[in-house]
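Participant: Residue strings, one per chain:
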Amino acid sequence: MAILSVQRLSKSFGNNQVIDDISFDVPEGSVFGFIGANGAGKTTTMKMILGLLPPDAGEIFVCGEKVAFGATKTNRHIGYLPDVPQFYGYMRPAEYLRLCGEIVGLNAAECDQRSKELLQMVGLADVSKKISGFSRGMKQRLGMAQALLNEPRLLICDEPTSALDPLGRKEILDILKQITGKTTVIFSTHILSDVERICDRMAVLSGGKIALSGTLADLRAQHQTNAILIEFATAADQERFAAAAGNLMQNATTTDTELTLQVAEVASAQRELLHILSSKDILPLKFEVLEPTIEGLYLEVTQ
Amino acid sequence: MRAFVAFTKKEFTESVRSYRLFVLAVVFLLLGIMSPLVAKLMPDLISGTDLGGVTITLPEPTAMDSWAQFFGNVGQMGMLALVITFSGIMATELSRGTLVNLLTKGMKRHTVILSKFLTASLIWTVSYLLCMAVCFAYTEYYWPAATLHEPFLAFFAPWLFGMLMIVLLILGGILFGNLYGSLLTCLTTVIALSLINIASVAHKYNPISLASGTLNLLNGHMKAADFIPAAIICAVAVVILLVTAIAAFNKKQV
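Protein chains in written order, with our numbering: chain C, 1 to 303; chain B, 1001 to 1254.
Hints are computed from structural coordinates only; laboratory data are not their basis.
Check before you lean on any hint, since a few could be wrong.
Stated by the list, open to error - Listed next, the stretches of chain B that the computed footprint assigns to chain C, with coverage defined by at least 3 CB atoms under 8 Å from CB atoms of chain C:
hint, segment
1, 1013 to 1026
2, 1089 to 1101
3, 1105 to 1116
Claimed, not checked - The following residues of chain C were derived to be distant from chain B, with all beta-carbon distances above 12 Å:
hint, residue
4, I22
5, E117
6, A163
7, E171
8, D200
9, A236
10, V263
11, A264
12, L274
13, T302
The C-beta atom is built at its ideal place from N, Cα and C for all residues, glycine as well.
Build out the structure end to end from the sequences listed, making use of the hints.
Facilitator: Pasting the structure below:
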């Protein structure tokens, strides 16, 4: 069942049509990467899912219930981590989680228990200083803890890693990895390597439309290119190889020491190429069957 | 209800830790101490000044001089302190985006408004009562057993005007989303009411008469009936503005 269903959603600000009639479903249990350039409308879409912005047209369903602007009934299923989560600087992390816990209706014992577990998970268990002294990465991790406090079925993260250093990014991705399976995650980003690391589905938002969507495996299969890359130690090696390869070189592109071959059938071409390499006694630095990358797909649909 | 209690607790914590409660209490405590003291010392202060041979004889100060200082101070400095300390109560939350986490957890929007209104009102009430009690004690000490006419209405009036300021700060914060919006809403209202007050026929109905005009009630120069219409209009305005604030916040994109 789709935990989130967006149907024919549109939104414009003045003359600027940010979201133009988009539809997509997010099945339960998936990790959904929502990709788009800065200003593509990712945050706008998320805010509409949370009922913080009214859509111009279209409907959104969370766990089968319709989202209404301003009314927050569907939000009980959702945990939300804003792109830059803001807290009360005069509070300490445990105090903040207690406030959140009381608002979602946890009793004191449950709330303490959950807070403890979550602070442990996000690595803030021993931090007792006030939130005003937190680094951006710490705030992001506390944001993750508050989003997960009510054990939501759907976690929506708005660019959780975009402003963080490599270590901070890794920490957030590790946390997300820990909760997948229990919680469906929607995660907007423009960092494509993050999508490859943790997502199993993605949609690309471009020009207000969904330019591409599906599971990563399907998308890769659909955009399979049948290309093989060989990297040689020297340019001379490459020339010797090219001379021997004959008509395999028909669809080849070369740089100094690299050769990319477009082939009709990957397996037989591999055999043939390896045979040539061994018979000519050329030892390549790299021999790779090229998979379509998310970056390649993204550039293809957004350009 | 649980969310209301939780958020109100947060509001009080915020008032304590941001020194809002402390500052307001100290300001009003000082105003309470100062008013009778200035009234008492005024003749000495003036006679101590060299006016180039001109002698001014002032009548012996009375309890009414002390209360005149009280209403003057509370109506001007007190209101200013109230408006400044609470100017960020709504605006800061909106401009910083701190409500997003809580609203997406299912907290009702009217909870925010009512809780903030309650907290601010309580702090204002306590500060005002503190000021009044201190002033009363000193005044009673210097000028015992003074007669006060219509004390309830006379002291209730500035409090009610303070409530109007609080609700205007909240509404201004929602409408403009920043500190200046809150302050300007209050300032514009006070200026508009002051302009209306140029017409003496408006005095009876104008809430601004409540801010510092009720000394005339206390000393018996004016009657309760001269202030009751303004008090009713002010109270109705507070309720209407509060409802408007809730409606505006329900439509607000946070």
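Participant: All the hints need checking, so say for each whether the structure fits it.
Facilitator: Status of the hints after comparison with the structure:
For the segment 1013 to 1026 of chain B, the proposed coverage by chain C is satisfied: 4 residues have a C-beta within less than 8 Å of a C-beta in that chain, meeting the threshold of three. Taking a C-beta to C-beta cut-off of 8 Å, the segment 1089 to 1101 of chain B contributes 5 residues in contact with chain C, enough for the three needed, and the coverage statement holds. A stretch counts as covered by a chain when three or more of its residues have a beta carbon under 8 Å from one of that chain; for the segment 1105 to 1116 of chain B and chain C the count is 5, and the coverage holds. Once the 12 Å rule is applied to beta carbons, I22/C is consistent with being away from chain B; the minimum gap is 20 Å.
The claim that E117/C is not at the interface with chain B holds, since no C-beta of that chain comes within 12 Å of its own (minimum 18 Å). No Cβ of chain B approaches the Cβ of A163/C within 12 Å, the least distance being about 15 Å, so the stated non-interface status holds. Once the 12 Å rule is applied to beta carbons, E171/C is consistent with being away from chain B; the minimum gap is 20 Å. Distance check on D200/C: its Cβ is at least 25 Å (rounded) from any Cβ of chain B, clearing the 12 Å threshold; non-interface status holds.
The claim that A236/C is not at the interface with chain B holds, since no C-beta of that chain comes within 12 Å of its own (minimum 61 Å). Residue-level check passed: V263/C sits 51 Å from the nearest beta carbon of chain B, beyond 12 Å. Against the 12 Å criterion, A264/C stays outside the reach of chain B, whose nearest CB is about 53 Å from its own CB. Once the 12 Å rule is applied to beta carbons, L274/C is consistent with being away from chain B; the minimum gap is 56 Å.
Every CB of chain B lies more than 12 Å from the CB of T302/C, the least distance being 28 Å, so the non-interface label holds.
Checked against the numbered hints above, the structure breaks none of them.
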